[in-house]
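Enquirer: Protein chains in written order, with full-length UniProt numbering: chain A, 1 to 259; chain B, 1 to 314.
In case anyone wonders, no lab produced these hints; they're calculated from the structure. Backbone N, C-alpha and C define an ideal beta-carbon position, used for all residues, glycine too. One should not assume that every hint holds.
Unchecked claim - Calculated lysine to aspartate or glutamate pairs in the DMTMM-like style (CA-CA distance at most 20 Å, straight line):
1. Lys220/B with Asp239/B
2. Lys12/A with Glu29/B
3. Lys2/B with Glu29/B
4. Lys89/A with Glu92/B
5. Lys89/A with Glu29/B
6. Lys12/A with Glu92/B
7. Lys183/B with Glu85/B
8. Lys283/B with Asp239/B
To be verified - Covered, in the sense of this in silico footprint (three residues per stretch, anywhere, with C-beta under 8 Å from a C-beta of chain B), are these stretches of chain A:
9. 91 to 98
10. 231 to 240
Unchecked claim - Across the chosen pairs, the derived CB separations fall in these ranges:
11. Val42/A with Val73/B: 40 to 46 Å
12. Ile181/B with Ile25/A: 50 to 56 Å
13. Gln28/A with Arg221/B: 42 to 48 Å
14. Thr200/B with Thr182/A: 57 to 63 Å
15. His118/B with Arg253/A: 53 to 59 Å
16. Gln122/B with Ser234/A: 53 to 59 Å
The primary structure of each chain is shown beneath.
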Amino acid sequence: MMTTSYNFTALKTIWIKECTRFLRIWVQTLVPPAITMTLYFVIFGSIVGERIGDMSGRPYMEFIVPGLIMMSVITNSYSNVASSFFSAKFQRNIEEMLVAPVSTPVIIAGYVGGGLARAMIVAVIVTLVSFTFVENVSINHAGILVLTVVLTSTLFSLAGLINAVYAKTFDDISIVPTFILTPLTYLGGVFFSISLLPGIWETVARANPVLYMVNAFRYGFLGVSDVSISVALSVIIAFNLVFFVTAYTLLQRGIGIRS
Amino acid sequence: MKALSISNLRKTYKGGFEALKGIDLDVEEGDFFALLGPNGAGKSTTIGIISSLVNKSAGQVSVFGYDLDTQLVDLKKQIGLVPQEFNFNQFETVRQIVVNQAGYYGVPRQVAHERAEHYLKQLGLWDKRDNAARMLSGGMKRRLMIARALLHEPKLLILDEPTAGVDIELRRSMWDYLIDINKQGITIILTTHYLEEAETLCRNIAIIDQGNIVENTSIKRLLATLNRETFVLDLSRDDDTRVEPALEGFTMRQMDDHTIEVDVEKSQGLNKVFDQLSAQNIKVLSMRNKANRLEELFVDLVERGRTEKSAAGA
Numbered sequence: 001m002m003t004t005s006y007n008f009t010a011l012k013t014i015w016i017k018e019c020t021r022f023l024r025i026w027v028q029t030l031v032p033p034a035i036t037m038t039l040y041f042v043i044f045g046s047i048v049g050e051r052i053g054d055m056s057g058r059p060y061m062e063f064i065v066p067g068l069i070m071m072s073v074i075t076n077s078y079s080n081v082a083s084s085f086f087s088a089k090f091q092r093n094i095e096e097m098l099v100a101p102v103s104t105p106v107i108i109a110g111y112v113g114g115g116l117a118r119a120m121i122v123a124v125i126v127t128l129v130s131f132t133f134v135e136n137v138s139i140n141h142a143g144i145l146v147l148t149v150v151l152t153s154t155l156f157s158l159a160g161l162i163n164a165v166y167a168k169t170f171d172d173i174s175i176v177p178t179f180i181l182t183p184l185t186y187l188g189g190v191f192f193s194i195s196l197l198p199g200i201w202e203t204v205a206r207a208n209p210v211l212y213m214v215n216a217f218r219y220g221f222l223g224v225s226d227v228s229i230s231v232a233l234s235v236i237i238a239f240n241l242v243f244f245v246t247a248y249t250l251l252q253r254g255i256g257i258r259s
Numbered sequence: 001m002k003a004l005s006i007s008n009l010r011k012t013y014k015g016g017f018e019a020l021k022g023i024d025l026d027v028e029e030g031d032f033f034a035l036l037g038p039n040g041a042g043k044s045t046t047i048g049i050i051s052s053l054v055n056k057s058a059g060q061v062s063v064f065g066y067d068l069d070t071q072l073v074d075l076k077k078q079i080g081l082v083p084q085e086f087n088f089n090q091f092e093t094v095r096q097i098v099v100n101q102a103g104y105y106g107v108p109r110q111v112a113h114e115r116a117e118h119y120l121k122q123l124g125l126w127d128k129r130d131n132a133a134r135m136l137s138g139g140m141k142r143r144l145m146i147a148r149a150l151l152h153e154p155k156l157l158i159l160d161e162p163t164a165g166v167d168i169e170l171r172r173s174m175w176d177y178l179i180d181i182n183k184q185g186i187t188i189i190l191t192t193h194y195l196e197e198a199e200t201l202c203r204n205i206a207i208i209d210q211g212n213i214v215e216n217t218s219i220k221r222l223l224a225t226l227n228r229e230t231f232v233l234d235l236s237r238d239d240d241t242r243v244e245p246a247l248e249g250f251t252m253r254q255m256d257d258h259t260i261e262v263d264v265e266k267s268q269g270l271n272k273v274f275d276q277l278s279a280q281n282i283k284v285l286s287m288r289n290k291a292n293r294l295e296e297l298f299v300d301l302v303e304r305g306r307t308e309k310s311a312a313g314a
């Protein structure tokens, strides 16, 4: 009982600290997604989108809304945890937690909770921005929508944490977003349906985990998806488990944080 | 009860550097204990292992009976750590830093805020509670780390060179504070380069060099082994001319027209020096130790340890 109580207090403390951090620098954390997504809506939606016409039976602007929200969720959950945890390592204030009786799952949950909170706020901001461009944004499956966004931001928060554990310089935490995350997101069906891809490329696209997240989220919004929802959710959950076990093992062994 | 018990503690870093070579150390509850040693001797590694920031290679560590390997959570609750380098988030406020630290130990937020007020007032930081930590002076940052380490009310406080870079006035006020909390029952282990600090504050001492404990005793007993001290005497004559005394039986060095250095063996006593100076109509205006007594012993012990080791190796 005592253990549960102090673990909960520690978790709450890390979570509040993380939320305070990204809210304190809101100009760097919450405003950029709103501006970037506005540009995407203006360029790909209004200007180019009108010439494209429908995609998966929906107006192009409506089609890209879920993908753009998901793109913001992915980048923000990832960068929040990666930069926060690496800064804590760099400034050595991670030691504040390491000397205290904070268990590894609590540290992971606290940081992931921070990434999740930022991703949720950004998701709401981007959704509100989309309302100014799309008149009727309908939600077909609210449960799938919420489940997908929570699981996806958890997954990328864990990925950001793993990146930060290994990172030795600030450059190391920008390599993964630049060379892996951005290509996967752009090729993950944010701007197009994979049914448009010719033969082999459609199969290749299915190896991209981001595709399942974008499509599950799009299904929650529009009720359309290029992949089976049960398969999509299974893939996301499987990645979550793999990343959690990896993060747990790394922290428990003290990789990158203990001599 | 033992506040800290270390047995055969070893640490070999990646690359093969052996920082600790099987040290044994006991610190009694309520003690004010100094861990001294030159740079790279193994002090910070020892502290790192006790506070679980460094993984040990072998050996046992227990704090107030809690074992590092099997009762880590309980062990951690007993310890408050003041590290050598500032390791708080420079962008957080003073209050956030201490309240968060208490939270990591499971102290409820309301209680943490009450304790934060108590300790920040005691350490003269209450007025700065809402300032970002980066805005504090060096001395304030040191005090902030002490406050942070005390917020979960540990039984053992470990300070790794807490007064490094702190001015004399502040250092003395920190000493008073540490003496005060030690009297209240907190066991304190201190590493320092200021040997005067160890002599003033601590009752027991361990000297570590090249990963080995070369001495572990009480400061009183250690100082009693000091056989020779060097004194600096400022002298004068009535006619204010150059003073060049002759001191039979003593080694003496003339430093300037009015100052001499005299080596005095413990068996000789200072009276003989004064007697001879008086006989030569020389007045002693002032007198002081040339070096800190503990410093002399420290250098002596470290050098002796190294000589013995190289002799054994040869």
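Enquirer: Each hint: holds or not?
Expert: Each hint tested on the structure:
no. : hint                               : in the structure
1   : Lys220/B with Asp239/B             : violated (43 Å)
2   : Lys12/A with Glu29/B               : violated (33 Å)
3   : Lys2/B with Glu29/B                : holds (5 Å)
4   : Lys89/A with Glu92/B               : holds (15 Å)
5   : Lys89/A with Glu29/B               : violated (33 Å)
6   : Lys12/A with Glu92/B               : holds (17 Å)
7   : Lys183/B with Glu85/B              : violated (26 Å)
8   : Lys283/B with Asp239/B             : holds (11 Å)
9   : 91 to 98                           : holds (count 7)
10  : 231 to 240                         : violated (count 0)
11  : Val42/A with Val73/B: 40 to 46 Å   : violated (54 Å)
12  : Ile181/B with Ile25/A: 50 to 56 Å  : violated (37 Å)
13  : Gln28/A with Arg221/B: 42 to 48 Å  : violated (59 Å)
14  : Thr200/B with Thr182/A: 57 to 63 Å : holds (60 Å)
15  : His118/B with Arg253/A: 53 to 59 Å : violated (38 Å)
16  : Gln122/B with Ser234/A: 53 to 59 Å : holds (56 Å)
Against the hints set out earlier in the document, violations occur for numbers 1, 2, 5, 7, 10, 11, 12, 13 and 15.
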